[in-house]
Every structure is written in C-alpha cells, then in structure tokens.
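Chain by chain, the residues:
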Amino acid sequence: MIKIQDIRDAARDMLAKGEVRAVIGWQRGSRGMAAEPVVINAPEQADGLVWDPTCYHNLSLYLVNDKKAQAHAKQKPTLPIAIIAKGCDARSCVVLMQENYFRRDDIYIIGVSCEGTGVIDERKLAVALGGVKPTSAAFDGDDYVVTLPDGSEKRLPAREVMADRCLECREPFPKENNIALGEDKTGRALEAPFAALARFEQQSEAERWNYWQRQFDRCIRCFACRSVCPMCFCDECVVDSIEMKVAPTTSAEEKASRVRWIERSNTLADNFGYHMTRAMHLAGRCIDCGECERVCPVNIPLRLLNNKMEREAREQFGYEPGASIGGPSLVSSFRDDDPGTWIR
Amino acid sequence: MSDTQSYEPRIVAFLCKWCTSAGADLAGVSRIQYPANVTPIQVMCTGGVSPMYVLSALRKGADGVLVSGCHPGDCHYIEGNYLARRKLHLVKELLGFVGVEPDRFRMSWVSAAEGAKFAQVVRDFVEDLRPLGPQEKVKADRS
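So the protein lines, in turn, are chains A and B.
With full-length UniProt numbering applied, the first sequence corresponds to residues 1 to 344, in that order.
With full-length UniProt numbering applied, the second sequence corresponds to residues 1 to 143, in that order.
Here chain A stands alone, though its shape is the one from the complex:
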C-alpha cells in the first residue's frame, strides 16, 4: 500500500531540487470527503497532498490547462511539470504525448498505483450509506474505511462502492512513469472488461434507441463532459461554431449560411449529434477515466459510448488507446485486413 508520506516526499524533493516547476496533485477539498486537484509550486506545500479513494479526478486535464495558460502568457517553460497519475491518468498522458500535445520531457509522471481498489463512486456510496455523508475515506487492502460525521468508522468492501470503470480496469498501475509508487496489480479486473457494455448490448435495437433517446433528451448541453475531458483540448470546438469573422461587409446571407454542424439548442437531434461527434472524436483516444460520466449533472451514461468505441478499436483493429507514445493513432492508420465485408 502506498504511504502518503512517500508521495509528499517525492513531490517535496523534486520541488526543492528545482527539477520541476510545479506538481499537480490532490489536496483535502472543501466539498465533504472529496479530494480536490491542486497545483503546488513550493516544497512546503507538499504536506498538503493527499492520496485516498476520493482522488477521482484525472489530473492530466490540468496538464492541458497548464499548457494553455503557458501559451496564453507567451511563456516557454524550461522545467517540466510533475503530475501525480493513477493508471488511467498515465494512459491519458500517453495519448496526449502520442498526439504531440506534450513532449515526454515536458512532464514528469509520479505514478501511483490504485492497486486494483480504484476510486469511490459517490452515487454508489450514498446508496450504501443511506445518504449519510462521510467526512473522509481511506484505502485498506480490498476495503475502504470511511469516517462518518459522528466520528465512527465504517468498513466497506471496495468492490461494492467502487466506480464502474475501476471494476473493469485491467491496468491500475501507471505503466508510463518516471517514478512509480505502490504495487503493480495489472490484470486484476474485478469484472470482465466491458461488462456493462455487454449487458447493455443484449437489448434489441428498439430498446437501445428508447434508452438513448431518453438519455440524449435529458442532456442540458452544459458541456461538463467536454470541459472535464483531457482529450478535448481543441482551442475551437466544432460544437461551438462561434468563430466566424463578421466584418461590416458580411452580408446577412453569409451569416445565415455559415455551416453549423450542431446547433447549440438542446433538442434531441442536436444532442444526438453532439454526443455522437464526441464519441467519434474520442475513438481510439478515450482511455476510460470515466470523468465525463462522473461530472454529468443528469447522469447520462457516457462511458457506454466511449466503451463501445474502445472495444470496437480493440476487437476489430487490434488497437489499444494509451498503449504507446510512438505509435500511430486509431483513425490515422489502417491495416489491410480491416473489416471490409460490410462495404458493398
């Protein structure tokens, strides 16, 4: 099991020696038990870092944000930035490097293994505790120990309140790392990979459409899924279609006839377009950190869409997202024996 002191020491040492300009990690949050992401840039701040089952956030998002902030300030940092990364976070770093968003030298990965016990799903926990809001949570072997508001401790088997993605995770150990802490329990999935997807796919086409129609209908287009996704790093999103140069000479007709791929209104057809486009843009890139689904205010099961693409990539094209920095991406490569019998 990882001792929190090891993480703090690693972060403090690096900052003290001036090897990195900042460390992205988690600290105690202000929202109940949940940890919150933090960027520290002084050695003494390292004592505030935490590591527990509430570290859900995929911190590679903050790498992307940092890069954007640096670009905005027209700065070229000389030192790398360090990130504390779980197995899934490290995979998303790999995808970002594969897409040349970062060079390997730009980031320093402090890998932390979830050791197969993953992070808590707050919705499941609320059910398990009957709505009581715990004040903290900790790993303990295959269990979580949560502290209740009255000071008592409660032990819960991890697999009962664990996030779905962690149940299906085969790679809780950050393979790409500069240093790694914790035990490598790769391959120890508690459920078969894509179990939820397989269950869903047993339904008929009509049932599936009914289901998705209901889900897409509920989408309020808050774009939280896009905001939280480290892969959605485009400066301009095709969904926004706000960037049209409007000069005094631009005619009303030109304004009216500009291409709007997806309207901003949250009608079923446009929500469908948005979510399908997102799924396509994440095909072969999504590493299943499940953040989109966690932050969705109306509980749309977005992981299902991404899982579908991931499984298709694996089964049809032998492609594993986040596996190698150097390899080509899913849609920029092909093999001669790609499935083609569906083409007339």
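Keep in mind that the hints were calculated from the coordinates and are not lab data.
Quick reminder that beta carbons are idealized off the backbone N, C-alpha and C, glycines included.
Mixed in with the good hints there might be a few duds.
Claimed, not checked - Computed Cβ-Cβ distance ranges for the label pairs, DEER-style: (1) A:Cys222 - B:Pro131: 35 to 43 Å; (2) B:Glu136 - A:Arg28: 50 to 58 Å; (3) A:Arg170 - B:Gly48: 29 to 37 Å; (4) B:Ala36 - A:Lys245: 37 to 45 Å; (5) A:Ala198 - B:Gly48: 32 to 40 Å; (6) A:Asp338 - B:Ala116: 36 to 44 Å.
As the list claims (entries may be wrong) - These stretches of chain A come out as covered by chain B in the derived footprint (C-beta under 8 Å, 3 or more residues): (7) 198-208; (8) 225-237; (9) 264-271; (10) 286-294.
Since the structure of chain A is provided, determine the placement of chain B on it from the hints.
The following block gives chain B in isolation, referenced to the frame of chain A:
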C-alpha cells in the same frame, strides 16, 4: 395517397471525385436507369468524409447516407479509402449501438468504369431503405 405510397427515401451520397463520381457520370451517359432518390455530393476523397457529414445529413432529414469511393488500392491519394473504411466502420457501429438503424448508412466501392454497379448500388439502397420508413429519429424538429 397513403403515406407508405408517397414515401420516397431521400439519400445523401458522398461520392469521391476520382471514382464514384465518374462512375455515376458513366451511368448517366450510358443511359442506365436508376432511382432519382440520390442527392450526390462530390468530395475529393472518401477519406475526407468526416463522421460529421453523416450525422449532419441524418439530422437534416436524410433517410439514408451513402459514401462511395475507389476500390481498395485504387485511391488517388494512395490510402484515403483505407482510412475511410476504418473511420466509417466506427460510425456505422456507433449508429447501430444507439439504436439508429445501421442500414441507413452504407458504403460502397465503385470505380469510374462501373456505371452499372453504381446504378445497382443505388437501386439496392433505395429498396433496403423503403421498409425502414422515413428517418424521424434524429431528424431536427423544425416545427
């Protein structure tokens, strides 16, 4: 006239400039009869057909979308059709997954010499679309 009788599937077809467009042309100059349900849109290469084109066509009320280009190995841009094959396979799978009939999306290889094949592809597609009825699932509501 009842709805079923008046229903004619509307197909948006993205045709590659170098093969299928020429094939469609050949069908025309050879006076091969085929249904007039297709609205052809010429693209430089099937590799350039973004999934957004397909989704957008469905959203704007197409009953079926056809993407057609050069046979594997014949691409003017060497590998565009291979990339299209992979990408559009994902689109088709995704459509089927959320419960939109995957048969509404079709891809075919038609070379510049295959005017008769192009006519046949269109004929088949129209006949396959007829039983599915109008595509209302993801059509934007403009009422």
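Evaluation of the provided hints:
As the Cβ distance of Cys222 (chain A) to Pro131 (chain B) is approximately 39 Å, the hint placing it in 35 to 43 Å holds. The hinted range of 50 to 58 Å is satisfied by Glu136 (chain B) and Arg28 (chain A), whose Cβ atoms lie roughly 51 Å apart. For Arg170 (chain A) and Gly48 (chain B), the Cβ-Cβ distance of about 36 Å falls inside the hinted range of 29 to 37 Å, so the restraint holds. For the pair Ala36 (chain B) and Lys245 (chain A), the supplied restraint of 37 to 45 Å holds, since their beta-carbon distance comes to about 39 Å.
Checked against the given bound of 32 to 40 Å, the beta carbons of Ala198 (chain A) and Gly48 (chain B), roughly 34 Å apart, stay inside it. Asp338 (chain A) and Ala116 (chain B) have their C-beta atoms about 27 Å apart, which leaves the hinted 36 to 44 Å range violated. Counting residues of the region 198-208 of chain A whose CB falls under 8 Å from any CB of chain B gives 5; the rule of at least 3 is met. Counting residues of the region 225-237 of chain A whose CB lies closer than 8 Å to any CB of chain B gives 0, which falls below the minimum of 3, so the coverage claim is violated.
Coverage of the region 264-271 of chain A by chain B holds in this model, with 4 residues showing a Cβ closer than 8 Å to a Cβ of that chain against a need of three. Counting residues of the region 286-294 of chain A whose beta carbon lies closer than 8 Å to any beta carbon of chain B gives 0, which falls short of the minimum of three for the stated coverage.
Consistency note: the structure conflicts with the earlier hints numbered 6, 8, 10.
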